[in-house]
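For this one, chain A is given, so just place chain B on it according to the hints.
Protein sequence lines correspond, in order, to chains A and B. If you number the first sequence the way the numbering used here does, the last residue is 159 and the count never jumps. If you number the second sequence the way the numbering used here does, the last residue is 336 and the count never jumps.
Hints are computed from structural coordinates only; laboratory data are not their basis. Every value quoted in this text rests on a predicted model; they were computed, and no experiment measured them. Don't take every hint at face value.
To be verified - Stretch-level coverage of chain A by chain B, calculated; a stretch enters the list once three of its residues show a Cβ under 8 Å from a Cβ in chain B:
#1 39-49
#2 52-60
#3 89-97
#4 105-113
Heads up, the beta-carbon is just placed ideally off N, CA and C, and yes, glycines get one too.
Each chain, letter by letter, is given below.
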Amino acid sequence: MTWMDQVDTCSCVLLRLGERRFALAAGQVAELAAPSRIFRFAHNTSAIDGVILRRGRVVPVCDIAETLIGKKLTQRRFYLIATRRQPEGLDWVALPVSGECELIRADLTPASPSDSPHVSAWLSHQGEVIEVLNLYALTPGADSRNSQISHAPKPEARA
Amino acid sequence: MRLAVPHKVAPARAEQIILFRASNQVFAISSASVQEVRSVDSLAGAAVDINEPGLAKVRHVIRRTERNLYVVNAALHFGLRPTPAGLIFLLRKSPIALLVDGIEKMTTMTRLQALPRAFCHEERAWYRGLTVLDQNVVPVVNPAGFLNLEELSLLEAIAAHQTLPEANDLTRPELTL
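Next comes chain A alone, as it looks inside the complex (with noise of 0.2 Å):
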């Protein structure tokens, strides 16, 4: 059982890219970043566009909005700095996103079988109903063994 089927309320992040809204766990959003430079080298990974430089770190930029509204940003607000558990650590990606976001608190309904690859929960809000997002199925280079578990939030304390 994964803890999409066991917990019903989760704080997500809405975030637009072109006319639609999207959401992604809070737990996997680091920040919300202004746009930055674009840095380019050859490389073959047809979904990173580049990166970017956030404190320091070099963040590769991954536009999924081609995935998920059929054509990519030609405008770019902000970079939504998304984070994804790697056997190694934390990893970070940067997400073109088209309009402000938004921290809310929703209760969520499991994905289903029939359900795409890169939806992993449904959230209502505001009458509307909105994708909670699979960020490893998603975005290139990531660990899917760590999909199910990557939306729990991590307790505050431990006794």
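Just chain B, lined up with the frame of chain A:
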């Protein structure tokens, strides 16, 4: 009140690197892995054509000190548009000579960051990692990533059927490291 004894900050370990251009992009290579830098002209007479359709990045081989040196076009290796090359790096303890556009400068790096895991294709073999120089991100190439064992075996087999003149009486290199 006693003041805390200030910690001695260990100096960051620096590595000397050469920034070079290939197809108008800047790459870095550890200067320790480059033995000589030569102009393309100085090797023009010594290079023998090699033609393997599946390995377009290698077009020439040089026989030197009883070893074959395979000339890898850096631009083609990185999947970039080829540009006129001006220099050849003869790599140290390696059968590879690297064709590059030119040297940008020599400098030092104090930090090499691992290539983020999101990069998950050939680039993982191409680069040792990334470094930040003057607020620019520069990939640091992996000298062992230009030809894999399979490619080297293929080239050795082709070269074995060719007569390669020894190229020991070359003019002085541009730079010996």
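Count the residues of the segment 52-60 of chain A with a beta-carbon closer than 8 Å to any beta-carbon of chain B: does the count reach three? It holds: at least three residues are needed, and the segment 52-60 of chain A offers 6 whose Cβ sits within less than 8 Å of chain B.
Is the listed coverage of the segment 39-49 of chain A by chain B valid when you require three or more residues with a beta carbon under 8 Å from a beta carbon of that chain? Coverage by chain B holds for the segment 39-49 of chain A (8 residues, Cβ < 8 Å).
Are at least 3 residues of the segment 105-113 of chain A within less than 8 Å of chain B when you compare beta carbons? With 0 residues close enough to chain B, the hint is violated.
Chain B over the segment 89-97 of chain A, status - at least 3 residues with CB closer than 8 Å: n = 3 at 8 Å, threshold three: holds.
Hint 4 from the list above is the single one not met by this structure.
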